[in-house]
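Given the structure of chain L, go ahead and fit chain U onto it with the hints provided.
The residues making up each chain are set out below.
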Amino acid sequence: MVYLDYSATSPLLPEAKTAMLSAMDMSGNASALHTPGHLAMNIIEDAREEIAKLIGAEPEEILFTSGGSESNNTVTNIFAGKNVAVSAIEHPSLLESAKLRCNTTIIPVDKNGRVETLNSNASLISVMLANNEIGTINDIKVLAKKAHTSGALFHTDATQALGKIKINVKDLDVDYMTISAHKIGGPVGIGALYIKKGTPFKPFIIGGHQEHGRRAGTYQTVNIAGFGASAKYANDHKTWEIYNDKIKPLRDELRKRILAEIPYSSSNTPKNHSLPHLLNCSFEAAEGESIQLYLDAEGDIIVSTGSACASGDGKPSHVIMATRNDAEIAHSSVRFSLGLDTKKSDIDHVMKFLPGIVKRLQGISTLKAGKITKEDSYYA
Amino acid sequence: MPKKPSTSANGFSAGTPWIYSDIVKEHFLNPRNFLMGDENKYQCDAKGIVGNPICGDQMLMMIKVDEKSRKITDVKWKTYGCASAIASTSALSELAKERTLDDALKITAEEIEEYLGGLPKHKFHCSVLGHEALASAIANYKKKHPLQKSSI
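Protein chains in written order, with the working numbering: chain L, 1 to 380; chain U, 1001 to 1152.
Below, simulated DSS-like cross-link-like pairs (lysine-lysine); rule was C-alpha separation at most 30 Å, straight line: (1) K343/L <-> K256/L; (2) K141/L <-> K170/L; (3) K271/L <-> K315/L; (4) K371/L <-> K1041/U; (5) K1076/U <-> K359/L; (6) K359/L <-> K1041/U; (7) K315/L <-> K1121/U; (8) K368/L <-> K1064/U; (9) K368/L <-> K1041/U; (10) K271/L <-> K352/L; (11) K344/L <-> K256/L; (12) K1143/U <-> K1068/U; (13) K368/L <-> K1076/U; (14) K368/L <-> K1047/U; (15) K1047/U <-> K315/L; (16) K368/L <-> K1143/U; (17) K344/L <-> K248/L; (18) K1076/U <-> K315/L; (19) K166/L <-> K197/L; (20) K315/L <-> K359/L; (21) K1144/U <-> K368/L; (22) K1097/U <-> K359/L; (23) K359/L <-> K1025/U; (24) K1064/U <-> K359/L; (25) K248/L <-> K17/L; (26) K1076/U <-> K371/L; (27) K368/L <-> K1142/U; (28) K53/L <-> K238/L; (29) K1025/U <-> K368/L; (30) K359/L <-> K1047/U; (31) K1142/U <-> K1071/U; (32) K1025/U <-> K315/L; (33) K1106/U <-> K1121/U; (34) K1097/U <-> K368/L; (35) K352/L <-> K1025/U; (36) K1064/U <-> K1076/U; (37) K197/L <-> K82/L; (38) K371/L <-> K1047/U; (39) K352/L <-> K1076/U.
FYI, nobody ran anything at the bench for these hints, they're computed from the structure. Everything numeric in this text was worked out from a predicted model, so none of it was measured.
With the rest of the complex left out, here is chain L:
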């Protein structure tokens, strides 16, 4: 199998699995003052240190949550009823929870998914560090500075960026940052929220003293152990360097070959300012979900799609609508996300199957391809 859906979830690292198995043998509730409780709490605090180190934070600035979605919900909940401004390409857990709870303004992005200007009367501004669908990296340092100048606090969702690029919260000067374990080889169901010391906070899950009263609920010692081990792996191996040196060239090759060998293809991922492992392309007149399933059935190639023909009113990807404003292009998109194990032969394997599949789907399509020309920047 050629697995190119690491941005959806990445396989559990053996190191994480070992740490989790060992934590499973511990019986203590980490909040308890007895010995088993202390031992469990030690695992949690070790993990917290590794995770803090991975983003340049202090351990006490790390709050464990059930994942990226809870971290994002926690942030919007702090600003309930207030003015907030969030980018158009945020993850739905940020976008929808902000719209529900806050007086929300949407910050538009340019055709590459970059935020250029910020609204000034918001209490909170949220722009993701790197987008999950198209991989655009925003200049968070500049945006956080602008936000602070206007009197707003700044949150960034770094779920997809973690481990892929070097992140330092002090350098970026953000107030809140969302991260998640399973995108870096940790388990699903555990994430964290970085909360800069002294920044306003309000618990989202209440009814318990855990995490110094910041989040109720018994500590998930096993998952936290796995998260810590995956963070340690990233720290020890400097995974962001491997992604840049080894994986980005493979991503660039896939992009180059798709654009050169597949008629009516275009790239939704900007050439610069994008995650090193992610590539999102559209194949005009060929529907994304069909491409995904043919790749799966014929080539044992696993990718994801921005098309959601899940109901009669299948909505096109809000990210590609924000950058390219074309529903057909959005429904024809496929995301390839590479992992540390991806090899050149995997790229060759994709290119053995993808061109034929796209050609066939374009051939039986009711749509005519030909909107994108070679002069268009998405073809660059």
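The following block gives chain U in isolation, referenced to the frame of chain L:
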């Protein structure tokens, strides 16, 4: 029967069972009666197109009809759609052949689904769309070729 999952070196299971039935998969991999390329080269008697690419799926049904018996002699289709759309249109094209127009109109989305051995719930609308495309093609044919009024 779905293939048994086996675990490969990277921890993912290979040959994972599909969310679709084997018949859906078979029709998806080997669709029947589709038209490749320019539809204007296919001389049909009537066509119907439904769906909207904005929503992610669109279907075109083209039929040839024997005027005397009012039987569908050939069906060709094109689609911009997902696996379920491809499979259900393929199935419908098989079901509609050699039926009279009125008989073909009686083919329900449920019948297509049954023929395919079931579709995931959220994909049922794909078979409805195929059904609507055929109904539209038949309606267009009837408009062009109205039945002679009986002289009784």
